[in-house]
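Undergrad: FYI, in this note's numbering the residues of the sequence shown are 1 to 382.
If you're looking for bench data, these hints aren't it; they were derived computationally from the structure.
Computed from a prediction, not measured in an experiment: that's the story for all the values here.
C-beta atoms are modelled at their ideal positions from N, C-alpha and C, and glycine is treated no differently.
Keep in mind that a hint or two might mislead.
Stated by the list, open to error - Using C-beta positions, here's what the derived DEER-type ranges look like:
#	residue 1	residue 2	range
1	71	289	41 to 51 Å
2	292	44	44 to 54 Å
3	191	251	19 to 29 Å
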Amino acid sequence: MNLIIVLLASLVFSYLANCIKLPLVVGQLVAGIVVGPALLNWVNPSTVLAFLTEIGLIILMFLAGLDSNLSLLKKYLKPATVVAVAGVLVPLLFFLYFGWQFHYSGQYTWLLAVLFSATSVSITAQVLSQYNRLDSVAGVTILGAAVVDDLLAVLMWTFYAAYFKLNGTSTSQPLWLQLMILLTTLILLVIFLWKIMPRLINLINPVDLPGFFGGFCLLLLLGLSYLGEQVGLSSAITAFLIGLFLAQSPLKKKIQDQIAPIGENFLIPVFFAGIGLNITLKGQLSQLLVIVLMTLIAILSKWLGAAAGAKIMKINRLDSAMIGTGMVSRGEMALVIANLALASNVLTAKSYATLSIVVLLTTIFTPIVLRWQLGLNGRANF
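Whenever a hint applies, use it, and build me the whole structure from the sequences.
TA: Right, dumping it as structure tokens:
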């Protein structure tokens, strides 16, 4: 019944969002807030819904990779790296100053800095995909920056956990060894995706059994995403890389036809609604000023940093502004860090809820403003 309510709400609010010229993802996010603990409280987060949202995220980023252009991404790798680094450093400094001004503890201040330096582009990828702009200059730069940003987020959390000796985090291994394992895994993954995966796909293709080809692709996608997570590489970025390399395959259309329907019609709406389900407003009225200030700082610092990085690389003004907007969303990456901090007793339930609301507000901001910028750019018909 919970799943029925979530899917129904996603359909209704997606339709309403489309009626008022907003991206569908905004409606799906609002659907989760409306039926979840924040408002009607018809649906509460559960293990099953959490599992489905995780699979939805993996398929979303896989399809974003399939729609991307590897050659263009390589061409814009340097700008993407500069955008990612600038987009991490500026929020880091802003939130360190914010924490100092509010007299927060060093541990909590650094957590804010690490958490809001992260970026999640699953929302951005969905908007760019909806309006066929994944292969634009802004699109490939954002997606490339997301890969670098994700590695930086993992690196910062690893440093943070090691320095503060958090409970529930692996501190038995030296930091340099953890980083070496992460980088080695990434290199091995790229080699596998480049050299071995295309041969496996071609080998399976002739098997004429219903669902066999699509099932094998799903198995490969979920298996590699799981292995990546075991060493700290997020499943979202792993899935994106898998899709990116499969986009070069002559079987791309067949893969897309097999995977896209289950994602677009079922799992991706559940993923976005699931973000809204995790929001609670209980006891947050007293934190209203903090929420407003954090949201403004989160939006401005990431936008300024990423846009400045794009301008440094001589990307035109409007594309730089779009890149800044596309990097603002914190989404699941920030929530993952918040959950780790909650499990390690760095956050209370109340402070976790406060940060979750700020993350959600940055997540909703991105698709609304990005759609407007796409319209200014004259690259999409609305």
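Undergrad: Determine for every hint whether it applies to the structure shown.
TA: Taking the hints in turn, this is what the structure says about them:
no.: 1; hint: 71 to 289: 41 to 51 Å; in the structure: holds, 48 Å
no.: 2; hint: 292 to 44: 44 to 54 Å; in the structure: violated, 27 Å
no.: 3; hint: 191 to 251: 19 to 29 Å; in the structure: holds, 20 Å
The structure fails hint 2 only (numbered hints given earlier).
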